[in-house]
Amino acid sequence: MANGELLNKRDLINKQDMNIVIVGHVDHGKSTVIGRLLADTNSLPEGKLEQVKETCRRNSKPFEYAFLLDALKDEQAQGITIDTARCFFQTELRNYIIIDAPGHIEFLKNMITGAARAEAALLVIDASEGIQENSRRHGYMLSMLGISQVCVLVNKMDLIGYSEKPFRRIERQYRRFLKKVDVEPVCFIPISAMEGENVANHSDKMPWYKGMNVLEVLDSFKSEELPEDKPFRMPVQDVYKFTKGGDNRRIIAGTIETGKISVGDEVVFYPSGKRTRIKSIEAFNREPMTTIGAGWAAGFTVTEQIYVKRGEVMCIANELKPKTTGRMLVNLFWLGKNPLVKDKTYYLKLGTAKAEMRLEEIRSVIDASTLVSKKKEQVDRNEVAECILTLDRHIAFDLTGDIAKTSRFVIVDDYEISGGGIVMSDLEDQTSWVRDKVLMRNYKWIGSEISAEARASKYKHGAALILITGEKTSPRKELGRALEKQLFDDGKLVYYLGMGSVLYGVDADLIDHHLLPPSRQEHIRRLTEVAHIMLDAGMIFIISARELTADDYDVICTGIPPEKISVIWVGEEKTTDIPVTMHIEKVGDIQECVKRIRYHVNL
Amino acid sequence: MNHLDKLENKSIHILREAYANFKSLCMLWSIGKDSTVLLWLARKAFFGHVPFPLVHIDTHYKIPEMIEYRDKLALEWGLDMIYGENREALEKKLTFPDGNVTRLECCRLLKTEALKNTLNGKWPRYRLNHEKKAYEIDSNTEPFTGVIVGVRADEEGSRSKERYFSPRDKNSDWDIGDQPPEFWGQFKTDFAPGTHLRIHPLLDWTELDIWEYIKRENIPTVSLYYDHGEGKRYRSLGCWPCTFPVESDAKDVDGIINELKTGKFANIAERSGRAQDKEDGGGLEELRKGGYM
Numbered sequence: 000m001a002n003g004e005l006l007n008k009r010d011l012i013n014k015q016d017m018n019i020v021i022v023g024h025v026d027h028g029k030s031t032v033i034g035r036l037l038a039d040t041n042s043l044p045e046g047k048l049e050q051v052k053e054t055c056r057r058n059s060k061p062f063e064y065a066f067l068l069d070a071l072k073d074e075q076a077q078g079i080t081i082d083t084a085r086c087f088f089q090t091e092l093r094n095y096i097i098i099d100a101p102g103h104i105e106f107l108k109n110m111i112t113g114a115a116r117a118e119a120a121l122l123v124i125d126a127s128e129g130i131q132e133n134s135r136r137h138g139y140m141l142s143m144l145g146i147s148q149v150c151v152l153v154n155k156m157d158l159i160g161y162s163e164k165p166f167r168r169i170e171r172q173y174r175r176f177l178k179k180v181d182v183e184p185v186c187f188i189p190i191s192a193m194e195g196e197n198v199a200n201h202s203d204k205m206p207w208y209k210g211m212n213v214l215e216v217l218d219s220f221k222s223e224e225l226p227e228d229k230p231f232r233m234p235v236q237d238v239y240k241f242t243k244g245g246d247n248r249r250i251i252a253g254t255i256e257t258g259k260i261s262v263g264d265e266v267v268f269y270p271s272g273k274r275t276r277i278k279s280i281e282a283f284n285r286e287p288m289t290t291i292g293a294g295w296a297a298g299f300t301v302t303e304q305i306y307v308k309r310g311e312v313m314c315i316a317n318e319l320k321p322k323t324t325g326r327m328l329v330n331l332f333w334l335g336k337n338p339l340v341k342d343k344t345y346y347l348k349l350g351t352a353k354a355e356m357r358l359e360e361i362r363s364v365i366d367a368s369t370l371v372s373k374k375k376e377q378v379d380r381n382e383v384a385e386c387i388l389t390l391d392r393h394i395a396f397d398l399t400g401d402i403a404k405t406s407r408f409v410i411v412d413d414y415e416i417s418g419g420g421i422v423m424s425d426l427e428d429q430t431s432w433v434r435d436k437v438l439m440r441n442y443k444w445i446g447s448e449i450s451a452e453a454r455a456s457k458y459k460h461g462a463a464l465i466l467i468t469g470e471k472t473s474p475r476k477e478l479g480r481a482l483e484k485q486l487f488d489d490g491k492l493v494y495y496l497g498m499g500s501v502l503y504g505v506d507a508d509l510i511d512h513h514l515l516p517p518s519r520q521e522h523i524r525r526l527t528e529v530a531h532i533m534l535d536a537g538m539i540f541i542i543s544a545r546e547l548t549a550d551d552y553d554v555i556c557t558g559i560p561p562e563k564i565s566v567i568w569v570g571e572e573k574t575t576d577i578p579v580t581m582h583i584e585k586v587g588d589i590q591e592c593v594k595r596i597r598y599h600v601n602l
Numbered sequence: 000m001n002h003l004d005k006l007e008n009k010s011i012h013i014l015r016e017a018y019a020n021f022k023s024l025c026m027l028w029s030i031g032k033d034s035t036v037l038l039w040l041a042r043k044a045f046f047g048h049v050p051f052p053l054v055h056i057d058t059h060y061k062i063p064e065m066i067e068y069r070d071k072l073a074l075e076w077g078l079d080m081i082y083g084e085n086r087e088a089l090e091k092k093l094t095f096p097d098g099n100v101t102r103l104e105c106c107r108l109l110k111t112e113a114l115k116n117t118l119n120g121k122w123p124r125y126r127l128n129h130e131k132k133a134y135e136i137d138s139n140t141e142p143f144t145g146v147i148v149g150v151r152a153d154e155e156g157s158r159s160k161e162r163y164f165s166p167r168d169k170n171s172d173w174d175i176g177d178q179p180p181e182f183w184g185q186f187k188t189d190f191a192p193g194t195h196l197r198i199h200p201l202l203d204w205t206e207l208d209i210w211e212y213i214k215r216e217n218i219p220t221v222s223l224y225y226d227h228g229e230g231k232r233y234r235s236l237g238c239w240p241c242t243f244p245v246e247s248d249a250k251d252v253d254g255i256i257n258e259l260k261t262g263k264f265a266n267i268a269e270r271s272g273r274a275q276d277k278e279d280g281g282g283l284e285e286l287r288k289g290g291y292m
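Just so you know, the sequences run in chain order A and B. Using numbering that gives the first Met the number 0, the letters of the first sequence map in sequence onto residues 0 to 602. Using numbering that gives the first Met the number 0, the letters of the second sequence map in sequence onto residues 0 to 292.
Any given hint could turn out to be false.
Restraint-style ranges between C-beta atoms, simulated for each label pair [what the hints assert, rightly or not]:
1) B:22 - A:585: 46 to 52 Å
2) A:587 - B:74: 22 to 28 Å
3) B:120 - A:414: 18 to 24 Å
A few chain A residues that don't get close to chain B, going by computed Cβ distances all over 12 Å [said to hold, decoys possible]:
4) 209
5) 375
6) 379
It is worth saying that the hints were derived from the structure and are not from the lab. All values reported here derive from a predicted model rather than from experimental measurement. C-beta: ideal position from N, C-alpha, C; glycine also.
Let the hints inform the model, and build the full structure from the sequences given.
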């Protein structure tokens, strides 16, 4: 099969692409397999083979196909693949991108980087060495990464005299292992990459093997279908408004993970629960579309101007709802230099959402190569674990059993992606009960003709919530009232409300007025709903309340975007754990103090 | 979704991730076909707009038509255009064409050093004033923390190891042995102060993809890529003293696509007309470790 002829055929057939990863233990011959595939399909640039052969001759080394790939100087010195190289070749059916993943344990993160891009995998095992640690570890990783098409190549058959018995033994043992991690291999092929047996030909040295050769197996892999039949999911990447160029479109942009959507469809954003309808599908230099689906980097305008931001997930109303919580049970693998521990803050990134994360509990740690599970206090590099994670806010996601794509997350430790995992189940968190109410409120909210932007431009300021808190004796109310007066005199739309005014009105049905848990949370929730209405009206809303805590603040943030909230603590000593925007130790002249507040919170 | 659609959508996704995560972001535009496709993809990603500056490193040995083309498109498309240069090396004539330094040293001074110091804001940046249609020294000297670059994995050995989001340390160095993991569409977007990231939306594209996309989208390109009757054209654009035209009678995009698919270039590396590659052991790796694109 000459490459030139194949290239010509690209005009005739609209050929598919496929990413394939080659994994396996170090020195089991992955690079040799690729080198052989490239050479046997005539896919090497002219002169490349000669160039590498010449280098080998000059250095008095025997030529190996692996040297073709290990083209980098660093690698040739060490003799191992440290990163994933990509090679391109084609058969009559497809264009292949072959990813060579390193087999050395130190480079598991590179193996994952390579494997995660692949639709199918070739797993190489050395016939003379048999199944090794990373043969198993990589098998497990393929399962976690969600790669279901796996073919096992038992390589270096020349070293064991091309005999069937040891091949069958390896096949039996490894099949058993793969079954435990839920991988059903397509087939096992006995090969010698070095000698080219069963790679592109049918080896006459192993007449006992009647199955496909490597190239045939590649062509038998199924192309990943775009998951258009699943519920619609689009993590919002951004909301664009490029008014500078006279463009007034407000475009919600993101890449569609699953499902499809049409103009006119009703959509709901999670976790906020806000609803609207698709008005148009936007694009540059492309025919207008009325329906769009999985895989597209899309952009939409909507009929009602709701406020949504990056991190939310756009879904279609009446389809399966995603989960929304800040606490979840997950399976994860850890790649970080430092172990995953409790009492440390990480970031979790899922879709476009990013939240602060803490490790709450390790259920078990699993050795990926032996599958033995044990109880441990931390998760070390290259280990797999079942854990409970807690986030600083709630995000939207799916369970791995429902939609795998939107169940996958990574963990960032000190600027580095240090782990990845899948969500097994969603768990209740502290503010779940408030969130469910807020979700329903947003869902049922009857929108106005007037947008938040229109109000802000008329009043010449945006909506804001100022919480003034502190100890019993601190002059919170005085400051609140003075702040209201100054802002009012400056022509701003402003309203001051003391906590006491809520207790005996809005909260009159709550028997316990003492603001102690559990009714305290309900008081705070109602206060938040009042604030929500005032902010929706475009106001600057000032509340004074005694000794608000971090828990109170979490409840408030569930109902109001945190970027609209400023917390001012009044009094020498801060006696609660609430995060503050400004701490006023001494009030002094009240008008001067109000000016300081206005400067600090930019009002 | 066909092959080009897949590539296009992946690249757009990466561009939008870059825009969402980096406050101080720019895109390198070499005026060549790859970075012009990248620029086009940015217009696709942002619905006709390019919401960050384009940076060009002017070695003053670029073929004049490249600069004309750059400024014409910048004005037509309303691009925020910036160029930088190594003024000192040019004034002291520390260049290969002046006969004072080797090709590699010339590349290092006029490209790598100029780029490094333009990105970190230490040397003057010249920004296009659209009203005056002239370049002025830019008052903004804030370092760029995200730099979008049009490298492709199929170009040569070291580029095939690149990440979509690839960190550079305080000295702009690339640690090829310790790169961040990248999976499930999650990239390294967190970075320590003083470091920056190179963003590579075209990593999966091949030279043929680039030309097929140029044809499909009807993207304007420099005429240097085409034969004007002399049986020669440029396959890759660089500085004139170190870039040589190849023998070819491809007169338009179709001609080039045909040549890449069936003709004599199907199996010859694209950068074979670039002299500096050969002096770097063929890998460009030394140049790239120091910040070369």
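Practice task
Please flag the earlier hints that this structure goes against, numbers listed from lowest up.
Solution key: Violated: hints 1, 2.
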